[in-house]
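Let's have the full structure, built from the sequences with the hints guiding it.
The lines below spell out each chain.
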Amino acid sequence: MGSSELKRSKDSVESARWSSFPDEVLERVLSLLKSHRDRSSVSLVCKDWYNAERWSRTHVFIGNCYSVSPEIVARRFPRIRSVTLKGKPRFSDFNLVPENWGADIHAWLVVFAAKYPFLEELRLKRMAISDESLEFLAISFPNFKALSLLSCDGFSTNGLAAIATHCKNLTELDIQENGIDDKGGSWLSCFPESFTSLEVLNFANLTSDINFDALEKLVGRCKSMRVLKLNRSVSLEQLQRLLVSAPQLAELGTGSFSQELTIREYEELESTLSICKNMHTLSGLWDAKGIYLPALYPACSHLTFLNLSYAALQSVELAKLLAHCPRLKRLWVLDTVEDKGLEAVGLNCPLLEELRVFPADPFDDEIVHGVTEAGFVAVSFGCPRLHYVLYFCRQMTNAAVATIVQNCPDFTHFRLCIMNPGQPDYLTNEPMDEAFGAVVKTCTKLQRLSVSGLLTDLTFEYIGRYAKNLETLSVAFAGRSDWGMQCVLGGCPKLRKLEIRDCPFGNAALLSGLEKYESMRSLWMSACNVTMNGCRLLAREMPRLNVEVMKEDGSDESQADKVYVYRSIAGPRRDAPPSVLTL
Amino acid sequence: MEKSYDDTNTEKSGLRLKDTELRLGLPGSESPEREEHDQNVLSLKSFVSGAKRGFSDALDGGGKWVFSGGSGGGSEGLFSPRRGGNNNGGNDLSGSDSGLGGPVLKDGVAPKPLVVQEKKSQVAAGNGNTAPASKAQVVGWPPIRSFRKNTMASHPPKNDNDDDNAEAKFGSGCLYVKVSMDGAPYLRKVDLKIYGGYKELSSALEKMFSCFTIGQCGSHGVSSRDVLSESRLIDLLHGSEYVLTYEDKDGDWMLVGDVPWEMFTNCCKRLRIMKSTEAIGLAPRAMEKCKTRT
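Protein chains in written order, with the UniProt record's numbering: chain F, 1 to 583; chain B, 1 to 294.
For the record, the hints were derived by calculation from the structure and aren't laboratory data.
Fair warning: this is a prediction, and the values are worked out from it, not measured in the lab.
Treat the hints with care, since some could be wrong.
[Said to hold, decoys possible] Facing chain B, a subset of chain F residues (Cβ under 10 Å, in silico):
id, residue
1, Phe91
2, Glu177
3, Asn205
4, Pro421
5, Ala476
6, Phe477
[To be verified] Label-pair distances were calculated between CB atoms; the ranges are:
id, chain 1, residue 1, chain 2, residue 2, range
7, F, Asp209, B, Pro260, 52 to 60 Å
8, B, Lys207, F, Ser301, 46 to 54 Å
9, F, Glu515, B, Gly251, 53 to 61 Å
10, B, Asn266, F, Ile291, 41 to 49 Å
For each residue, glycine too, the CB sits at the ideal point set by N, CA and C.
Right, here's the structure in full:
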């Protein structure tokens, strides 16, 4: 037989083998696949695999709630028990998206109630959710177990009360940094006496006082509790009492860490903390007083994540604390620790992988404190495994960033925020192009990049040319011309999310990405030079994209103030408010 | 690089004198591009980077303030001498006059940087004059979630140096005023009470901002009083000149040295070492004020 005939006969044998592969076995194997990207790949292999995959999938992740409709999801995946949904564009966190923009969960819940009555988990990010929706959720799904809300808004503590009252099997209630209307702490008392299943309770970002008695009893009877994050109203003394009944906690968020304690109370706290040997995550520490921090030392030996981003520690206090945290992998701090504090990080935390430095006083640029490039460099020398950084500072140099990435070439997430827009290298007065050039050239695994400072188009040339794994790019007050954005859209093969504000990119740049946008999740451009005509052209050329424009009051007719472009198989949305124009 | 920006801007200043009057080049503004760019919107883009400072004077008493096509003309009301105390954050590009004046829109199409007052006191628009007790900020910048912003605002972290936010404090034997210098990333503070006169003050400032040196040249007007007519900090590195100015009780910016030392220490609220190109408009007013006072 000739070689081509040989190949053909082999193929037919192969396909015969595939088609006789039992579905049950295939499904069983595929059910072990957790990553939604792997599952997407699997579903593309052939029709059988597509079907096997959709029947075996139990968790669906939807990165843009408008990219698909709940009906389409329910039709494809009949057996979902866990849903993760993300709604508004990320810049809504910074008040750049108008109120009532959308991303309301309710329509989804209605479909889920009909199609997924056994839904167990719902994780929402930047969605609008009302108290009515929360109540609907609580009564529609008898097996509901886990609710996680991050950066959501539209609800109040009344909605939480409904969840606490009706969800008999709840294991997780995780309320993080939301626009919640805090009407009081009585919701916590709504958990019935018979309720014992809670494993995760996070109400750290609520402000009202809760009934401590109810909390103490709740923690006492939920023996499987492993995550407890308290809010500021819980005192040190109360914390100690809670820990006595929950020494098994793996993640603890303290309440206020500044009550006046007697020596005896302090010692009690210290000894209670010392039996929390499972603790790997510590946060809270609101208003932390330096003198009480040593009580934490015994609990820190296995700590891998320390979140001090609401505790305004000074450098010496941080240094002393870190000396007890040799296993630390993730650290979040306020810039009150200054460069000296970051030097201590470099000295004490060789296993560090993630560092986030938040500004304590972001709107006062007369500040003489905060962190500089020196602190970041110091960390890079001591922590070669660093791969995730979020750094807010008021000065930076190209040379420092070059040193940093030389020390830590494995960055996957590099988010640098030089807080004064358009600020150059403060020593050389040059743009910060070379800094980000160094980042993209050296860090080949880079997935996420946020740039800042004075940047010309050169930065974007570098990004387009070198950032081959980049998925998310955030740009503000940067660039000189359309060319910059064109470089990014022309390079960066894996780009999924591009968000731009206050840059001189116009229609030519916008339209250069025509084909690209269908391979991306979304594009955001605000306060750039894009016009309505440019947007209309984009919408006309690319019918599978939704092009939405948000106009500012009193702005020029022809200017497209804010543009949000995203791919969708659900067509243009019908719930947009009047301020959002769908083209 | 610095030189070229300066050169270009000086040229522009030469061409449009009106625009050099108390005009600002905002940080990040790149003047060569401005003229070349098709839509003049780029000029506004670069203004945004200085939004904190420049726009504040044009604020209309709160809420959002948005550029619209028509409002660009007549720049006097929109820009006034740069507010004192606000740092450039080390950006010398801002020092020279842009020559573009205010947000004058040539082609009518302008981007709209949103500026929101976040502090309590407001500044009337078109004031032309300064004494801004508040700062304008760009919406959504720096990128911090509302929850964190609100938390830090309502419970400010306790610092040992709590007097950072205080202005000149009297009594208790010391008189601290903040000193800012264009191009320097940090503010400093000096106690005016410890100096005997202008010469001591200027040498102290020289030491403080030690990469610059002071030379004294010429005298402004003849006066029998103790006047430091012009103190100049000559920046050897950058080749530009600085003058020492101060904000008085009325919120006006004056050249240091016009009034007797004791009067100066009584009415000085803060000091600013600014580029002399910025200070062009100051001298006449200072002299006027002096006249009305004496």
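Taking the hints in turn, this is what the structure says about them:
1. Phe91: holds (7 Å)
2. Glu177: Holds. Min distance 4 Å.
3. Asn205: holds (6 Å)
4. Pro421: holds (4 Å)
5. Ala476: holds (7 Å)
6. Phe477: Holds. Min distance 5 Å.
7. F:Asp209 - B:Pro260: 52 to 60 Å: Given about 58 Å between the Cβ atoms, the range holds.
8. B:Lys207 - F:Ser301: 46 to 54 Å: holds (48 Å)
9. F:Glu515 - B:Gly251: 53 to 61 Å: With a Cβ separation near 56 Å, glutamate 515 of chain F and glycine 251 of chain B satisfy 53 to 61 Å, so the hint holds.
10. B:Asn266 - F:Ile291: 41 to 49 Å: holds (42 Å)
Comparing the model with each numbered hint stated earlier shows that all of them hold.
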